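Q: Residue numbers (the working numbering), protein chains in the order written: chain A, 1 to 115; chain B, 1001 to 1185.
I should point out that these hints are in silico values taken from the structure, not numbers from a laboratory.
On a predicted model such as this, the values are computed, not experimentally measured, just so you know.
Ideal Cβ placement from N, Cα and C applies to all residues, glycine included.
Hints may contain errors.
[Claimed, not checked] Simulated crosslink set (SDA-like; lysine to any residue; CA at most 25 Å straight-line): (1) 1178/B / 1132/B; (2) 32/A / 1020/B; (3) 1178/B / 18/A; (4) 16/A / 1119/B.
[To be verified] Computed footprint of chain A on chain B, listed as stretches where at least three residues anywhere in the stretch have a Cβ under 8 Å from a Cβ of chain A: (5) 1020-1033; (6) 1044-1056; (7) 1121-1127; (8) 1173-1181.
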Amino acid sequence: MLKLCRATTEKAAKLKVMKLDRYIDDFIRKEKEVEVNPYLTTRVLAELEKQDEAAILRTTVPIWKKAVVAASIVLVMAAGYGLGSMVKGEKEHIAININDAQLENLNLYTAIGYE
Amino acid sequence: MADEQLIEKILSGDREAFRLLMEKYQQRVFHVAMGFVHSKQDAEDITQEVFIRVFRSLESFKEQSLFSTWLYRITLNCSINHVKKNKRRNFLTDAGEGLMSLFNRGDEERSAHQQLEATEKERAIRKAIDGLPGKQREAFILSKYEELPQREIAAIMQTTEGAVEQLLVRAKKQLQKKLAHLVGN
Chain A
1 MLKLCRATTE KAAKLKVMKL DRYIDDFIRK EKEVEVNPYL TTRVLAELEK QDEAAILRTT
61 VPIWKKAVVA ASIVLVMAAG YGLGSMVKGE KEHIAININD AQLENLNLYT AIGYE
Chain B
1001 MADEQLIEKI LSGDREAFRL LMEKYQQRVF HVAMGFVHSK QDAEDITQEV FIRVFRSLES
1061 FKEQSLFSTW LYRITLNCSI NHVKKNKRRN FLTDAGEGLM SLFNRGDEER SAHQQLEATE
1121 KERAIRKAID GLPGKQREAF ILSKYEELPQ REIAAIMQTT EGAVEQLLVR AKKQLQKKLA
1181 HLVGN
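Chain A on its own, in the form it takes in the complex (with noise of 0.2 Å):
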């Protein structure tokens, strides 16, 4: 009787492993029927391609030539903050009327004490 028990329970044990062996070859089985974008050749070309662009702009672009350009830029840079410097000064003597009483002043026409 115990013999058969023990029996019974390795057997159901075995049941259970080769069930979630099916579950997981199932969803290997489900995973591998996901065919690749037939496109993605085409794709990988491209990019290699571009890559390559992008190797021979890198060479074919002396590095004294990229110093130019970051020192022009500085230039630049540096000039427009000079220029602002310089009316800096210059902007405190300017005054801007926004007061509407004395865009339309009543004694330019009257004339009275205007002088």
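Assemble chain B onto chain A, guided by the hints.
A: Coordinates of chain B only, in the frame set by chain A:
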């Protein structure tokens, strides 16, 4: 055309030969990548990266091993790197999928329940495979997704056949332990 001939042509600048080589192996690379990332988009990105790397380093291929062995080795490296890079994103995707599976329940409760159960089962299996220790995972994927013989897996992983066998046995045991709840304890 044999791999050696194709490689020779590629090295002499023949892009068409590279296209042929890619067409020959891309599905295999894609399968292995799928084993690691379980997503078509990501697996395609890995496949692209693998072939770009192959093209760039083909000169260093010494033909001491089979081209396929070398290719699989690159695929493993790229896949592992990709997984490491996207660890955080994968966590978010997992959480999102869990929520989606709850919201996507249909009107018919029974079929929705079955669908949910199937999704949960797949998620558990995916998580269990992803949770395998590095070498076990590599051996398991090469064996199950590519059905490679242990001899070839050993060559790819630069180890012995015995070690591969051990890894596969351990991987299987780990999966059974982790997924026991799917078949009732």
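Q: If a hint holds in the structure, say so; if it does not, say that too.
A: Consistency of the hints with the structure:
Under the criterion of a C-alpha separation no larger than 25 Å, the hint pairing residue 1178/B with residue 1132/B is consistent with the structure, at around 10 Å. The hinted pair formed by residue 32/A and residue 1020/B meets the criterion: a straight-line CA distance of about 22 Å does not exceed 25 Å. Straight-line distance between C-alpha atoms of residue 1178/B and residue 18/A comes to about 15 Å, which keeps the hinted pair within the 25 Å bound. The hinted pair formed by residue 16/A and residue 1119/B meets the criterion: a straight-line CA distance of about 20 Å does not exceed 25 Å.
Counting residues of the segment 1020-1033 of chain B whose CB falls under 8 Å from any CB of chain A gives 6; the rule of at least 3 is met. Chain A is given as covering the segment 1044-1056 of chain B, and this holds because 6 residues of the stretch bring a CB closer than 8 Å to a CB of that chain, at least three being needed. Requiring three or more residues with a Cβ within less than 8 Å of a Cβ of chain A, the coverage given for the segment 1121-1127 of chain B holds, as 4 such residues are present. Here's how the segment 1173-1181 of chain B fares: 4 of its residues keep a CB closer than 8 Å to some CB of chain A, so the rule of at least three is met and the hint holds.
Taken one by one, the earlier hints all hold for this structure without exception.
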